[in-house]
Structure formats: C-alpha cells, structure tokens
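Novice: Residue numbers (the working numbering), protein chains in the order written: chain A, 4 to 86; chain B, 14 to 728.
Heads up, a few of these hints could be off.
[Claimed, not checked] If you want a taste of the chain A side facing chain B, the calculated C-beta under 8 Å gives, among others: (1) Gly-36; (2) Glu-58; (3) Ala-63.
Derived by calculation from the structure, the hints in this document are not laboratory data. Idealized CB from N, CA, C, for every residue including glycine.
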Amino acid sequence: VSTRERVRVIFADVFDAPDFELRDDMTADDVEGWDSLNHINLIIAIENEFAVQFEGTEIAALANVGDLFALLASRGVTNGGAP
Amino acid sequence: VTDPPSSQLAELLAYMTRIELDPDRLRAFLSVVGKADAVAALHSALDRVPRGTRRLALARELHAFDPEAVEGFARNGDDCARHVVAEHRYVATGDVEALAAALRDGWPLEPAAVERGLQDAGAFDATLLAALVQKLGLGAAGYRQASTLAKRVADLAPDLRGTLAFPRLNVALLGEVTVDYVRPLLEAALLEAGILATVRGGAFGELEQAVLDQSSWLAGFAPDVVVVVGSTLALPDGPAREEFARRRAELAALVTERLGSDVLVTNLEALPTHTGPGGAPAWVVRQNALLAEALPERAHVFDLASLVAEIGVDRWFDLRLWSVARQATALHATPVLADRLARAIRSLVEPPVKLIVTDLDNVLWGGTVAEVGADGVQLGGNELGEAHLRLQELLRECIAMGFLVAVCSKNTEEAARSPFVSRPEMLLGLDDFAAFEASFLPKSVQLPEVVERLNLGLQSVLFLDDEPHERAEMRDRHPEVRVPEWPEDGIVGLPTLLARTGWLTRFRVTAADELRGKMVRDETTRQTLRATYANLGDFLGSLDLVARVTPIGAANIDRVTQLVQKTNQFNLTTPRYSRRELEERIADGAYTAAVEVEDRYGPYGLTGALVAGRHGDTLAVDLWLMSCRVMGKTVELAMFEHLLQYARTAGIETIEARYRPTDKNGAIASLLPDLGFELAGEDAEGHVYRFAVKREALRANLHVTLVDELTGSPA
Numbered sequence: 004v005s006t007r008e009r010v011r012v013i014f015a016d017v018f019d020a021p022d023f024e025l026r027d028d029m030t031a032d033d034v035e036g037w038d039s040l041n042h043i044n045l046i047i048a049i050e051n052e053f054a055v056q057f058e059g060t061e062i063a064a065l066a067n068v069g070d071l072f073a074l075l076a077s078r079g080v081t082n083g084g085a086p
Numbered sequence: 014v015t016d017p018p019s020s021q022l023a024e025l026l027a028y029m030t031r032i033e034l035d036p037d038r039l040r041a042f043l044s045v046v047g048k049a050d051a052v053a054a055l056h057s058a059l060d061r062v063p064r065g066t067r068r069l070a071l072a073r074e075l076h077a078f079d080p081e082a083v084e085g086f087a088r089n090g091d092d093c094a095r096h097v098v099a100e101h102r103y104v105a106t107g108d109v110e111a112l113a114a115a116l117r118d119g120w121p122l123e124p125a126a127v128e129r130g131l132q133d134a135g136a137f138d139a140t141l142l143a144a145l146v147q148k149l150g151l152g153a154a155g156y157r158q159a160s161t162l163a164k165r166v167a168d169l170a171p172d173l174r175g176t177l178a179f180p181r182l183n184v185a186l187l188g189e190v191t192v193d194y195v196r197p198l199l200e201a202a203l204l205e206a207g208i209l210a211t212v213r214g215g216a217f218g219e220l221e222q223a224v225l226d227q228s229s230w231l232a233g234f235a236p237d238v239v240v241v242v243g244s245t246l247a248l249p250d251g252p253a254r255e256e257f258a259r260r261r262a263e264l265a266a267l268v269t270e271r272l273g274s275d276v277l278v279t280n281l282e283a284l285p286t287h288t289g290p291g292g293a294p295a296w297v298v299r300q301n302a303l304l305a306e307a308l309p310e311r312a313h314v315f316d317l318a319s320l321v322a323e324i325g326v327d328r329w330f331d332l333r334l335w336s337v338a339r340q341a342t343a344l345h346a347t348p349v350l351a352d353r354l355a356r357a358i359r360s361l362v363e364p365p366v367k368l369i370v371t372d373l374d375n376v377l378w379g380g381t382v383a384e385v386g387a388d389g390v391q392l393g394g395n396e397l398g399e400a401h402l403r404l405q406e407l408l409r410e411c412i413a414m415g416f417l418v419a420v421c422s423k424n425t426e427e428a429a430r431s432p433f434v435s436r437p438e439m440l441l442g443l444d445d446f447a448a449f450e451a452s453f454l455p456k457s458v459q460l461p462e463v464v465e466r467l468n469l470g471l472q473s474v475l476f477l478d479d480e481p482h483e484r485a486e487m488r489d490r491h492p493e494v495r496v497p498e499w500p501e502d503g504i505v506g507l508p509t510l511l512a513r514t515g516w517l518t519r520f521r522v523t524a525a526d527e528l529r530g531k532m533v534r535d536e537t538t539r540q541t542l543r544a545t546y547a548n549l550g551d552f553l554g555s556l557d558l559v560a561r562v563t564p565i566g567a568a569n570i571d572r573v574t575q576l577v578q579k580t581n582q583f584n585l586t587t588p589r590y591s592r593r594e595l596e597e598r599i600a601d602g603a604y605t606a607a608v609e610v611e612d613r614y615g616p617y618g619l620t621g622a623l624v625a626g627r628h629g630d631t632l633a634v635d636l637w638l639m640s641c642r643v644m645g646k647t648v649e650l651a652m653f654e655h656l657l658q659y660a661r662t663a664g665i666e667t668i669e670a671r672y673r674p675t676d677k678n679g680a681i682a683s684l685l686p687d688l689g690f691e692l693a694g695e696d697a698e699g700h701v702y703r704f705a706v707k708r709e710a711l712r713a714n715l716h717v718t719l720v721d722e723l724t725g726s727p728a
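Here chain A stands alone, though its shape is the one from the complex (with noise of 0.2 Å):
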C-alpha cells in the first residue's frame, strides 16, 4: 500500500467517510469537520502508522495537504511506498 493511500485511510477514519479523496491542495477549509480538534486527530494518527514524530511547530505551520506529504518526507517516509 503506498504512503498516499495510508495516509487516505486515516483521513477516511477521521472525518468517517470511506471514500474520502486526498489532494496535495486541499486545505482545512475544503474539508467539513477539519477543524483544529480533528488537525490534532489526524496527526497523531499519522504519527503513530508511520512511527515517526512531528514538532509542535511543524504540526502549526501545516497549510495544506501537500505540506503534510513534505513533513513525511522530511523524516523520511516518501510517497514510493511504506518505508
């Protein structure tokens, strides 16, 4: 399973919509539900299925979809696969 569709999944179990769609521009606007308590949800689940750790900081400075994609790419994991 690639590092897109994980990430896909855990955003599907956080807002409960199985058919969630994920694009890099997406922001927390676009998203009903997507509101600072659900941020936190989302991080931490991601967090924990890619055993990596994010700071406070990079966890506020997140715009968008994509910038997520370069945290996680930033520790290491890519969207080529799991790690």
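Place chain B on chain A using the hints.
Specialist: Relative to chain A, chain B alone:
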C-alpha cells in the same frame, strides 16, 4: 535473528507470553515467520499458558491460522477457546446467538465483534444491547480504537439507546484545559459503566463565567454532575498557584448552590519535571492537601495525581499538544482518563457500598482450612501468604472508614473460626465482623439473611469470592450485588483491583456510621442462620443440576485416584486406595460409580466416587467421597439413588455402610441416618449402618437430574 529454527520460535513465543502479551508485537512476530512456524509456536505456547487473557489472545491468533484447532480446544472444555470461536462466528456470520454466548461467558469481547455489534444493534433486544455496551473495553483501548467505538456509540439511534434500562445523567465538563478529546470517550465510558449520559463541555478556560452566566449553555443543560477538569500545566508561575485550592472550593460551592449538581474536581498531577529525586514542588503537595479539606459538601476530589502516577508521567503527557491545543494529556491517555472519570461519576450516583462480604479459604488465608487445619493455612511467609495479609489490612482500613465486613463461607462453623482463634498472624479478629456465616447453604441463600439482619439492602453489598461458580451464582441471583471479577494474578492483584474499582472510595464516614458499625459488631447474641429450606429447595431446583454417573474405568481412574488421595471432608471412611487397588476392585466386579456434576453455571468436573462390593445379598459400601465443591447440592442423594437402583436390579436386600470419624469429616456425620440408614453397631472400622433396600429412599429432596451413562438416558 535471521532464520531461527521452529523450536526456538516456540521458545521465544512462550517466553514472550510469560512476561506480557502486547497483541501488536505478537502479530508482528507471527507475520515474519511462516504459517507452519506460527502454528507450531502458538500450539506450544498454548500448552503452557493457563486460562486467562493471555491464553485468550493466543487462541485468537491461532484461530486466524488454524480455526479447527481452536474449535478442538473448545470442544475439550477450554472456555477461552469457546469464547474465541463464538466471537469469531459472530464477526463472520452475524449469528446473534454466538454474540450472546460470547457476552455471557465473562471474557472481554474482541474489538471487531464490539464494532459489528454496535452496527447490528438495531436488531437487538435491550438485554443484549446492555450486555454489549458494557463490554466496550474502552479503558484498555488505544485512542484511535476508542474514538471509533465512541463514534459508533454516539451513532446509535436515540430510541434504541432509550430501550436501555440505565439511569440517565447529564454530565458537564468545565475545563481549564481542552475537554474536546475526552468528552466523546467519556460518554461512551459512562455507557460502559451502565449509565446513559449526555456529556457536554465548555470552551477551555471557561469556569466561573459558565456557572455565573444565566444564559450560558450550562444553565440550560441542568447537569447532574459537573466535572472540573484542570491540570498543573494550566497554572502559570505566580500567585495563582497558591490560590488553587481556595479558588476550586469556591467554584465547587458556586456549582452546588446555583446548579444543584454534584461536583468532581481534579487535583494537581506531577509534571515530567516534578519526577526527579526532588519530587513534586511543595506548592503542589500543599494545594492537593488543602483541596481535599476545602471542598464543600457534595464536591469530591478526582485523584488525577494518583492516576498519572499509575499510568506513568512519561506516557501521560504529550507537551506538544499542550502547546498546540491546550490538550493536557497525550491522546493515548484519554481512554483511561475517560474510563476512570466514568467510574468516579458512577460512584457518585449509585448506592454506596456499605457491607463487604468476604469468603475465607484462599481469600483471607491460603489453602482450605477444613483440609489443612488452622495450623496449615498460609498467612505471610511468601508472596501469596503476604497477599492474604495485605487484603486483611485493606479490610481493616475499610472497617476504620466505617464499612461493615462480614464472612460467608462454605465451612463448618468450627473450622471457619479456628484460624482466627489460633493464628496470631491474623490481622482480622472475630469481633471485627458484623456477621459470620459458615454453613454449606448456597451463598445466594446465606447473603440475603445476613443483609436483612444488618438492616441493609443487597445494593449495598460488595461480594468477594475466589470461586468463579460462586461469583456467577451471586451475579445471576442478585444482580444488585457488586461482584468484582477475580484478577488474573489472583489474590496478589486483588487489593489493587479493589482500590481501582472506585467502590471503596466514596464512603464518607460520619459519626453515626462509625457507631453503627461498632454496635453491630458488639452484638453478642448472634442470631443463627434460619435455614430457609423452602428457599433452598427453590434454589437447588433452579440450578439445573445434572449428575452423570459412569463406572470407574480407564477414562477416569486417574482423576478418581486423585480424589481418593486428597478428599477429606466428604469421605465416609477415608480409605486411601491406590490406582492398582481400585483396578482390582473393578476386576472383582464391584459396583463402581464416578460422578460428573454440572449446573447452569458450568461444569464442576468429576467430583464424586462410590465403590461397593457384593457379599451375597448384601452390598457393602467401601468408598464414598465427594469434592467439597459440590457439597450442599444434594448430589449425594443422586449418588445414593443410583446405588439403590443398582441394588434393586441386582437383587440386593441390604446396603451396608460405615462412617469412620476423622478430624475433617464431621460435616457428614449424619449423612447415613439422614438417608434412612439405621445404626447396626460399631467395630474397629467405625460406625456400621444398614439400609433395607425395600424401603423408599428420600427422593423428594432430590434436585439433581441423574443421568446413567450406561444407558445414556435419565435413570
């Protein structure tokens, strides 16, 4: 590391299962070895791991590879395996009967079955739904799993939730920290605790304002319980720290006055920086002590400090979340926080425990006093013995707090009292107990009498017993009695488990309580138990007791030999036959009977044996014994009935039996006369009794269905 041989995998797995069993690690381990190795390793581990949640976890893993094997275990009476088969069957097929069976047997339900259950719940009746929601297992779940379960619970249709016969409660969370993460979990945890609650939370930092503002969400909500959730993280350096307890007490007073609610207030937890050799700063310690004293009537401390100590500071906090979202705990700590808050809230609204009823053997001391004598029971000396003393210590503290403690024991009065009299190590004395019941009556019959005599209700009782059958019987007969499940590490874990239930914390001692406890204990003329045999007959009749009689033979002779060697209480002449001697009696054509007993709470196994030799038209009973686990259930009448039927068909005129008194078998001194035997004399072997076969036996008192395995039908 790279390619270990199977035998070493099995060793490694067995080793893992001895220390702890983290399901994720177990799965990771199994996923890197081949299927054959995984199956072999699991089989080998199952050979060594006894009944308990570790065995359950292993059986679940094995089921994924080899379901037939697990079904085989289940058929052989392994109840962990039976549970796994039932829950898997439900997940795979939606068979509601299987779910009901898995909910009945006391084992935790696997998350997949819980989730499917919540989805199918529309078709359930209220009893099944109630059983399901009380098995959510939130306290032990990870955050993600707990959140999913909480979502499913919240999604249950309102009219479906309405069918639950649970008390309704409005709970408000006032947070000096974010309460958004714990709120949905708390609602689910309360449902698991048997409370249908609506939980609402305010914005963080909104405390006094919410209470004072008549138009706030809080005023319209009319909460029954208000929880003030804080954290040491929320107290900045400065004078506010020294104001903490006073400010909380004032807030609590405001809440009880304005809203009429009960209040729980979290105290100050140690932060990661407070856990070096210096410990927590003086102001934290001081404010916690002040808080406990300053809270008004109807406001109680929720001891967050001890919860964080229990879980561990390093696991509890995720300081990034504090910075980003004013969330004071790591998300994975929220399920256990919700679970403990739910228990604390429940203890505010349920009737308080006032009476602790305890068993004796293997609870207050180690061993069976009727078997080993007062000098032989274990008190101190090793880990187990010390655990029994630790429990006695806890009960003494409870007595000091105003709880009443009583004994219900299946023993003779004399045996039950003896360790209190002759063992100086005992911390509890006979005059500590409000009541002391020792008899072979069922405990569900004993208990109401005790409770009535003490002028209490069954809803005030906490019942301690190490025997699963006794607990199941009590829960079934008197659902209002609180019956804690026995911990897997047995008596060693019991005092801690009792502390965590929350049942022994709420009780506030008043002068009247103390006095009452003392008055009850001083009562010198103890009324003896009125043996309510009408109740007893009803009770035994409803147990669906079945006694299966088979001849002693290859299939059961090992177990019979074991019983012959160790049974002391119900044993007419206590002959210690060896296996070979038994085999000789079988070869001689003697009447032999081995009895397996079962009731609606499950099997007791092979628990009785009788051997009688024929001499002309007389049948002489040489051996008659029963395990004390089935005493008081009229199984002896069923055994006698079977013997009598044999005697009639075999043309026997007289049955002869002896009673040889020992230190241990006083409880059956009147067995033979009670059955209708007449005393014929005495010889070196004991008192000789005879029974004329033409006479009718006491069939009316038989509450056991007798099944003769030779014919396969009720005899």
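Novice: Taking the closest Cβ pair, is A/Gly-36 under 8 Å from chain B?
Specialist: 12 Å, violated
Novice: Would you settle whether the hint for A/Ala-63 is holds or violated, based on the nearest Cβ-Cβ distance to chain B being less than 8 Å?
Specialist: 6 Å, holds
Novice: So, as I understand it, the hint says A/Glu-58 touches chain B; can you test that by seeing if any CB pair is closer than 8 Å?
Specialist: 7 Å, holds
Comparing the model with each earlier hint shows a violation of hint 1 alone; every other hint is respected.
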